[in-house]
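**Q** Each chain, written out:
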Amino acid sequence: MIYLDNAATTYPKPISVQNAVSYALKNYGANPGRAGHSMSIASAEEIYRCRLAAADFFKAPGPECIAFTLNCTHSMNYVLKGLLKQGDHVVTSCLEHNAVMRPLQALSENGVSFTTAMVYPGDNDATVDSFRKALRVNTTLIVCTHASNVWGIRLPVERIAALGHEYGIPIAIDCAQSAGVLPIDMSDGGFDYLCVACHKGLYAPMGTGMLITPNGSNLKTIIEGGTGTNSISMVQPLTMPERMESGTQNMPGIAGVRAGIEFVKSHGIETIYKHEMSLVQYLYKKLSQMKGVKLYTPEPVAPYFVPLLSFNVDEIPSEVIGQKLSELGVAVRAGLHCAPCAHECMGTLEQGAIRICPSVFSNINEMNSFVTALMKII
Amino acid sequence: MGKPLIMFHSITYAMKSRDILFQYGIKSTVERTPRSNANAGCGYSIYVPNKTDEAENILIGQGIKILGRAERDGTL
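Residue numbers (the working numbering), protein chains in the order written: chain A, 39 to 416; chain B, 46 to 121.
Hints should not be assumed to be uniformly reliable.
To be verified - Straight-line alpha carbon distances no greater than 27 Å define the calculated BS3-like cross-link-like pairs of lysine-lysine that follow:
(1) A/64 x A/414
(2) B/110 x A/97
(3) B/110 x A/258
(4) A/123 x A/258
(5) A/332 x A/414
(6) B/110 x B/96
These aren't lab readings, by the way, just hints derived from the structure by calculation.
With the rest of the complex left out, here is chain B (with noise of 0.2 Å):
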């Protein structure tokens, strides 16, 4: 799988999509896109442990707009 967190243009995307998922039964939380991924310098993604694969086609279904997939970047 990889990749957990799937990235927005903005954090009222990366919202909407959180709660569209967890209708969807699939939990995420929003967090602050890492400096080191694409499409960063500043910017919002969920954290979609499980299931992400589902998340992102579930997503796409619903018409919102993914910038991309990235790693979670929790080491210093």
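Same shape as in the complex, but just chain A (with noise of 0.2 Å):
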């Protein structure tokens, strides 16, 4: 198979990464953070080094500002019904996954409002207006991606950031396509809250996200439970990390994203951003060539764009083309991605799109057999 939804999830996973799943399974098989005895001690210090590990590569303050959950929406959903409340004003883009559409409408039927701000591709300058135009007297959020996992188009999130901050608004990044692909820096970016899913660019197991915060005792809960702290209280610690981490933590996932840290800092950020660029620019040339293909950004070009591309074949509707490309063992993905938002900026609410997004394992020969299976198609 070839495998390009990895924008969904990457596949397959680095040897490294499979290792270190299957030696926590076995050695660190007790709770960590719970017990006093030695296999506790040993899972605790094993997901402590992956908080170290987060820390370093996000440039977050410090490992207790990592906290894991099982992916971006649940992040997501932390940060945003932590954080609001009745009569806040949040300011978004009109390029969001539904991680950030749904639990904004949720929050709508109880007074929070939103406004989408328009994104232009290639004009920073014009997303920053846009945000800066959208900006309210009740403005207390700004939540946006980093880049679109439809489109592939990078928001100028530093600068979003800085204009918040001018009003004393704090920001939270969308990081799922952009984490491992994208350098992130928590500190000089100026960014509040980032939501992050391991599973995609850092190449760790399905189940397993981070919100990386140092607010976090300032959002409210919305899961509660033990936590292996101070259980004599009835009352959520506010400490973070474990304010966020109630229950038995996914500690082989974990030990699962250190290695898949490890292993794109091993690689460099850059060097895979270009790896995958230049598979995606030779994609898009070969499609732009091809009849009756319907591109919809201008050629992904640095630093615009993540490496990612969405198309149609004329007026066929985007699954009959994913199905008819699973058939000749092609595997992307079709529909709406779960980003109604995206597609209704660019027209394709009806049709959805067809995704490809490769991986570092990606390479040239299986761009050109995709182009052949897309061939054979139409």
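Assemble the dimeric complex from its two separately framed chains, guided by the hints.
**A** And the structure:
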């Protein structure tokens, strides 16, 4: 199989990640942060090492700023529902995933309002201006994706963060498509909340995510329970990261996160980005020469895009093309990609689109095989 | 000196404190806070057999919130 659905979950996972998960299952079989016996402490040490690695990778102030979650959606819900209250206003972008839009929709039923700012690919000034115009007196949060999961369009999040901070407004970034592909510096970027999917560009197992913030103690909780600390109290601890980590953690998965981060660091984010972008640019050129293929963005170029690409063939439903590609051994993602707003922006809400996304393991031969398969279909 | 256990809110802060102290040449180990101590009922401490006062001051200087000091409960 030629796997080009890496924007959903990267596959295959590096051997080092597989080994780390396997090692954890064999050797870290006790609950971390609960007991005092040696295997429990060893499990906790491994989780702590992962916090250290993540804090270093994202330039967070310290390991206590790393809370492990199930996925990016989970992290985003923690931020939005932990921070927003009746009367608050939020500015977001027109390219958001439902990980942002559905919580906002749910919150809107409780008196939270939001405005979507337009994003202008290749024109960061216009995009920042769009966010500026969307601000209101009662804006309490800016939340936006770092890069669209459908179109690969990268938002100027550092500038948007600076804009928000001019007015004392924090910013939460959906890093689902950017972590491991773009450099993310929490302190330099001025980001208040980073929501990360570890199973994508960090090559960790599914079911792993992170909420990275120095402000976690200020968030209301949406899940409470056992944390292994101050158990005599019925009140959820304020201290991060335990505040956001009730219940037993995904120990083997978190061991995989650390191995994934180390894998990305060993290759270098810039190298990974260049490799994947070169494949996407190659595909873009090939697809733009094929009759009936519709491309929706300019050719993806650094630094305005992340390496993924969506297209359609004439008016054929995207799922039909996706199915035919699957029959020819090519895995892509067709449909709306859980991001109807992003499709609405490009006028593809009805048809959806076929998304292709390489990983560090993809190569030019696979791109050619994909093109050959597509030519057979159309 | 006495009370060689320094207690924290969580195991994360206990481990972070151990690492900070190591940079200052002070050795410590992470342990479960004994149940007999105040602030117990699940918690973690570091056992600092030497220079405990200095260690506590270093951690306070680094902005680490400390729950208190305790004796190490090593008897049945």
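**Q** For every hint, state whether the structure bears it out.
**A** Going through the hints against the structure:
With a C-alpha separation of about 47 Å, the suggested pairing of residue 64 of chain A with residue 414 of chain A is violated against the 27 Å cut-off. Between residue 110 of chain B and residue 97 of chain A the CA atoms are separated by roughly 22 Å; this keeps the pair inside 27 Å, and the hint holds. Only pairs whose Cα atoms come within 27 Å are accepted, and residue 110 of chain B paired with residue 258 of chain A is accepted, the gap being roughly 21 Å. For the hint linking residue 123 of chain A to residue 258 of chain A, the alpha-carbon distance of about 10 Å falls within 27 Å, and the restraint holds.
For the given pair, residue 332 of chain A sits about 17 Å from residue 414 of chain A by alpha-carbon distance, which is consistent with the 27 Å threshold. Taking the CA atoms of residue 110 of chain B and residue 96 of chain B, the gap is about 18 Å. The hint holds against a cut of 27 Å.
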